[in-house]
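Between the sequences and the hints, there should be enough to build the whole structure, so can you do that?
Numbering (the working numbering) for the sequence shown: 118 to 389.
What the hints contain is simulated information worked out from the structure, not anything from laboratory work.
Hints are supplied without guarantee of correctness; some may be wrong.
Between beta-carbon pairs, the in silico distance windows are [as the list claims (entries may be wrong)]:
id, residue 1, residue 2, range
1, ARG264, SER314, 47 to 55 Å
2, ASP241, LYS187, 26 to 34 Å
3, ASP255, GLN226, 15 to 23 Å
4, ARG223, ALA197, 25 to 33 Å
5, PRO156, GLN375, 30 to 38 Å
6, ASP172, MET118, 22 to 30 Å
7, THR269, ALA157, 40 to 48 Å
8, GLN375, THR311, 29 to 37 Å
9, GLY179, ARG264, 25 to 33 Å
10, GLN375, ASP288, 20 to 28 Å
11, THR134, ALA157, 44 to 52 Å
12, LEU213, THR134, 14 to 22 Å
13, ASP208, GLU242, 23 to 31 Å
Cβ atoms here follow ideal geometry from the backbone N, Cα and C, with glycine treated the same way.
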Amino acid sequence: MQARSALFDLYGDHLRTRGGRAPVASLVKLLAPLGIAPPAVRTAVSRMVRQGWLDPLRLSSGPGYSITPKAARRLDEAAARIYRTGRINWDGRFDLLVLEPPTGRRDRQRLAANLTFLGYGTLDEQTWVATRTADDVDLLLEESGVRYERFTATHAAGTPGAMGLVRRAWDLTEIGRAYERFVADQRPLLTGVTVRSPDEEAYAARFQLVHAWRTFLFRDPQLPPALLPEKWPGTSAASFFDRHAARLRPAADRYVEQCLDAGTRLPRQKGR
Numbered sequence: 118m119q120a121r122s123a124l125f126d127l128y129g130d131h132l133r134t135r136g137g138r139a140p141v142a143s144l145v146k147l148l149a150p151l152g153i154a155p156p157a158v159r160t161a162v163s164r165m166v167r168q169g170w171l172d173p174l175r176l177s178s179g180p181g182y183s184i185t186p187k188a189a190r191r192l193d194e195a196a197a198r199i200y201r202t203g204r205i206n207w208d209g210r211f212d213l214l215v216l217e218p219p220t221g222r223r224d225r226q227r228l229a230a231n232l233t234f235l236g237y238g239t240l241d242e243q244t245w246v247a248t249r250t251a252d253d254v255d256l257l258l259e260e261s262g263v264r265y266e267r268f269t270a271t272h273a274a275g276t277p278g279a280m281g282l283v284r285r286a287w288d289l290t291e292i293g294r295a296y297e298r299f300v301a302d303q304r305p306l307l308t309g310v311t312v313r314s315p316d317e318e319a320y321a322a323r324f325q326l327v328h329a330w331r332t333f334l335f336r337d338p339q340l341p342p343a344l345l346p347e348k349w350p351g352t353s354a355a356s357f358f359d360r361h362a363a364r365l366r367p368a369a370d371r372y373v374e375q376c377l378d379a380g381t382r383l384p385r386q387k388g389r
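What follows is the structure, given as structure tokens:
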């Protein structure tokens with residue numbers, strides 16, 4: 118697990134609802150159970166500051182970091198997709214992008230990753246499609262310096278044509294297999310964590326669960342049911358995730374509060 122990715126998970130899943138800020142000492146303590154060393158945490162934090170995801174601030178207990186408005190929008194978008202509470206509706210229309218890709222390879226890779234995160238699939242190097250509009254896509258493309266045109270489109274062949282288009286844009290077979298692997302990999306790790314397990318162990322198990330589930334934000338566009346194959350593995354995987362994430366939440370919350378309290382506690386003065 119990379120420190121930068123873990124920090125996004127930590128802020129999104131635990132710190133966003135606690136003011137979106139934390140002392141450095143607490144960040145270090147909260148990532149230690151994941152095997153992430155303090156120097157890696159500090160390096161990742163500095164990188165996230167340069168990229169505009171975190172702002173440094175001075176807390177009563179010392180230096181700390183808070184999320185920026187840009188990070189808050191991204192974390193809220195991610196949370197809505199991680200915890201899939203509502204049914205996905207679709208009006209039959211696609212959001213279509215035709216763009217001039219960046220010339221640099223790394224710039225193209227970064228743009229592709231961001232568009233995929235926003236739910237877009239690629240028909241070719243220049244054409245991207247999504248079944249829902251993304252509020253941040255215009256800002257993303259403008260910040261990337263990419264020239265583009267954006268359309269709203271419907272398929273002339275109706276739902277059958279739309280299903281064919283979807284299968285061109287996304288490899289649903291591979292995404293379905295990834296969901297099956299997710300459940301197979303996580304089940305043995307989670308069944309060993311019970312109500313008698315230490316809070317730190319429950320926190321670490323839940324963190325790894327959310328971290329693994331979060332990767333589907335870059336794989337699965339969460340298509341409407343009308344465009345999915347029958348017995349879609351993502352449905353049962355979501356139920357599996359929701360069940361265990363809720364089961365481990367109380368113990369994980371206790372551990373987070375303990376670490377935050379330890380990070381904000383003022384050091385004792387000598388002689389007291």
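These are the hints, each one checked on the structure:
ARG264 and SER314 have their C-beta atoms about 54 Å apart, which keeps the hinted 47 to 55 Å range intact. Take ASP241 and LYS187: their Cβ atoms lie about 30 Å apart, and the range 26 to 34 Å holds. With their beta carbons about 21 Å apart, ASP255 and GLN226 fall inside the hinted range of 15 to 23 Å. One distance hint, 25 to 33 Å for the beta-carbon pair ARG223 and ALA197, holds here, with the actual separation near 29 Å.
Here the CB-CB span from PRO156 to GLN375 is close to 23 Å, at odds with the stated 30 to 38 Å. At about 24 Å, the beta-carbon gap between ASP172 and MET118 stays in the expected band of 22 to 30 Å. Between THR269 and ALA157, the C-beta spacing of about 44 Å keeps the proposed range 40 to 48 Å intact. Under the hint 29 to 37 Å, the C-beta atoms of GLN375 and THR311, about 20 Å apart, miss the expected range.
In this structure the supplied range 25 to 33 Å is violated for GLY179 paired with ARG264, their Cβ-Cβ distance being about 46 Å. For the pair GLN375 and ASP288, the supplied restraint of 20 to 28 Å is violated, since their beta-carbon distance comes to about 43 Å. At roughly 25 Å, the beta-carbon separation of THR134 and ALA157 lies outside the given 44 to 52 Å, and the hint is violated. For the pair LEU213 and THR134, the beta carbons lie near 36 Å from each other, so the given range of 14 to 22 Å is not met.
Restraint check, ASP208 to GLU242: a C-beta distance of roughly 28 Å satisfies the suggested window 23 to 31 Å.
Hint compliance for this structure: hints 5, 8, 9, 10, 11, 12 are broken, all remaining hints hold.
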